[in-house]
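Chemist: Chains A and L, in that order, are what the protein sequence lines are.
Numbering-wise, the first sequence is residues 1 to 234 according to our numbering.
Numbering-wise, the second sequence is residues 1 to 234 according to our numbering.
One or more of the hints may lead you astray.
[Said to hold, decoys possible] A short, non-exhaustive set of chain L residues, derived as facing chain A with CB atoms under 7 Å:
no.: 1; residue: Leu42
no.: 2; residue: Pro45
no.: 3; residue: Val114
[Claimed, not checked] Think about it this way: if two alpha-carbon atoms lie no more than 16 Å apart in a straight line, the pair counts; the simulated EDC-like pairs of lysine to aspartate or glutamate are:
no.: 4; chain 1: L; residue 1: Lys24; chain 2: L; residue 2: Glu59
no.: 5; chain 1: A; residue 1: Lys50; chain 2: A; residue 2: Asp61
no.: 6; chain 1: A; residue 1: Lys50; chain 2: A; residue 2: Glu142
no.: 7; chain 1: A; residue 1: Lys24; chain 2: A; residue 2: Glu83
no.: 8; chain 1: L; residue 1: Lys36; chain 2: A; residue 2: Asp81
no.: 9; chain 1: A; residue 1: Lys36; chain 2: L; residue 2: Glu124
[Claimed, not checked] A short list of chain A residues far from chain L (calculated; beta carbon distances all over 12 Å):
no.: 10; residue: Arg6
no.: 11; residue: Tyr38
no.: 12; residue: Arg39
no.: 13; residue: Asn43
no.: 14; residue: Gln71
no.: 15; residue: Arg73
no.: 16; residue: Ala78
no.: 17; residue: Leu80
no.: 18; residue: Glu129
no.: 19; residue: Leu160
no.: 20; residue: Ser174
no.: 21; residue: Gly179
Rather than coming from a laboratory, the hints here were simulated on the basis of the structure.
Even for Gly, the Cβ is constructed at its ideal location relative to N, Cα and C.
2 protein chains.
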Amino acid sequence: QNAALRRGVLVMRHGERVDQVFGKSWLQQCLTADGKYYRADLNFPSALPKRKDSMKQFEYDPPLSCCGIFQSRLIGEALLDQEVVVTCVYSSPALRCVQTAQHVLQGLKLNQKVKIRVEPGLFEWTKWETSKVIPNFLTVAELAEASYSIDTSYSGNFPLSSLVPSESYEDYLSRSSAGPGSAAAPSLLLFAFSAVPGVILIVGHGSSLASFTWPLIGLPNRNSSDFAQMVRKV
Amino acid sequence: QNAALRRGVLVMRHGERVDQVFGKSWLQQCLTADGKYYRADLNFPSALPKRKDSMKQFEYDPPLSCCGIFQSRLIGEALLDQEVVVTCVYSSPALRCVQTAQHVLQGLKLNQKVKIRVEPGLFEWTKWETSKVIPNFLTVAELAEASYSIDTSYSGNFPLSSLVPSESYEDYLSRSSAGPGSAAAPSLLLFAFSAVPGVILIVGHGSSLASFTWPLIGLPNRNSSDFAQMVRKV
Numbered sequence: 001q002n003a004a005l006r007r008g009v010l011v012m013r014h015g016e017r018v019d020q021v022f023g024k025s026w027l028q029q030c031l032t033a034d035g036k037y038y039r040a041d042l043n044f045p046s047a048l049p050k051r052k053d054s055m056k057q058f059e060y061d062p063p064l065s066c067c068g069i070f071q072s073r074l075i076g077e078a079l080l081d082q083e084v085v086v087t088c089v090y091s092s093p094a095l096r097c098v099q100t101a102q103h104v105l106q107g108l109k110l111n112q113k114v115k116i117r118v119e120p121g122l123f124e125w126t127k128w129e130t131s132k133v134i135p136n137f138l139t140v141a142e143l144a145e146a147s148y149s150i151d152t153s154y155s156g157n158f159p160l161s162s163l164v165p166s167e168s169y170e171d172y173l174s175r176s177s178a179g180p181g182s183a184a185a186p187s188l189l190l191f192a193f194s195a196v197p198g199v200i201l202i203v204g205h206g207s208s209l210a211s212f213t214w215p216l217i218g219l220p221n222r223n224s225s226d227f228a229q230m231v232r233k234v
Numbered sequence: 001q002n003a004a005l006r007r008g009v010l011v012m013r014h015g016e017r018v019d020q021v022f023g024k025s026w027l028q029q030c031l032t033a034d035g036k037y038y039r040a041d042l043n044f045p046s047a048l049p050k051r052k053d054s055m056k057q058f059e060y061d062p063p064l065s066c067c068g069i070f071q072s073r074l075i076g077e078a079l080l081d082q083e084v085v086v087t088c089v090y091s092s093p094a095l096r097c098v099q100t101a102q103h104v105l106q107g108l109k110l111n112q113k114v115k116i117r118v119e120p121g122l123f124e125w126t127k128w129e130t131s132k133v134i135p136n137f138l139t140v141a142e143l144a145e146a147s148y149s150i151d152t153s154y155s156g157n158f159p160l161s162s163l164v165p166s167e168s169y170e171d172y173l174s175r176s177s178a179g180p181g182s183a184a185a186p187s188l189l190l191f192a193f194s195a196v197p198g199v200i201l202i203v204g205h206g207s208s209l210a211s212f213t214w215p216l217i218g219l220p221n222r223n224s225s226d227f228a229q230m231v232r233k234v
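Work out the full structure: start from the sequences and follow the hints.
Modeler: Dropping the structure here:
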């Protein structure tokens, strides 16, 4: 089939995150005494985006490592090699996901053309986050300010205010479903009704690889322990 | 001390090479039936430079892997962070070294300013190369054609025609020495007599880390088995 006419939905996880490499104390390792970021190791990113609230908030919303940026770019290059035409990108509001989306688009040479839609409903199952509150994600304006290619007109299908900490498995599945008010709904509708061919890219978390693909292909949901076991293998 | 006034000689080894990852048969893995290069794995580079002789010659002069390019760029970024001012770059004629030099310069944001001097005398101890002949290195013209930042006016202090296969340890040390007609001589002279401050970067091989640093700091040479043991640890 002509690659340009191919249609599909790609669901991917973010790249390597700094705390995965440097542990929970990563932020302490790369802040000076007066609270300025410096690159304490080459696998830390060269800079952090500016944020209005405190630097401390990065602890609950860590960026990609330098290697994670490299991985994301390579994935974009691989998609370009395969002539995959990405027409639309949805990302979790987590910084690591927005960054992954950005660098995949750079690898695809589409960062000037395709804007990232930040969809709060794509965030990780909050029960699995170490933080007991929903992180203060960078706002769409802050992300755009930091040169991320963001669709500032997209407001999200599942509102950020509806994300609750330690949500139940059922609540998580419901916002991952294809139903109305869910995170997957707009991409599914786009896929089903858009006359434009191309691929919709969804950048989420380990759990997204299961929770966002099952409803899309009509598979029944599994119980939460099977789900956890499956995601652990990601 | 003011970083811009610092003077020194940095000797480094090339980054990860494709055959280190994919083995001796790497070239077979990424050539189509009609002999065209394709990126069979994301850790292969996105393209190979054009060469007038056969593609087969890359087997004896392998390029960097994609990860090797990433490593080299990171080293350049680290030098930039440390405000190291590189004023002059010498590279072994091996493609992996020229590529390392190029990506270090890119990380340093100096690729438009500083040109790479290809010095045949910086090549690996030929006894340690698997090939029983001296590889057909890409010419300076071919490297420039492939967009490497090359000083095409530099002709080399140790001529390529003087490189012999399976050379003795003494011959190798002699071309690595600080004496006249050696590979290190021009950089040493530059270092000693130049009024311009800054750092001279030498990109070579595992063995270079010993053979080019010992004479520069006045250490006596060791016997060949001590030398081999030391380089094995690199």
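Chemist: For a quick check of understanding: which of the numbered hints are violated here, in increasing order?
Modeler: 2, 3, 7, 9, 11, 12, 13, 14, 15, 16, 17
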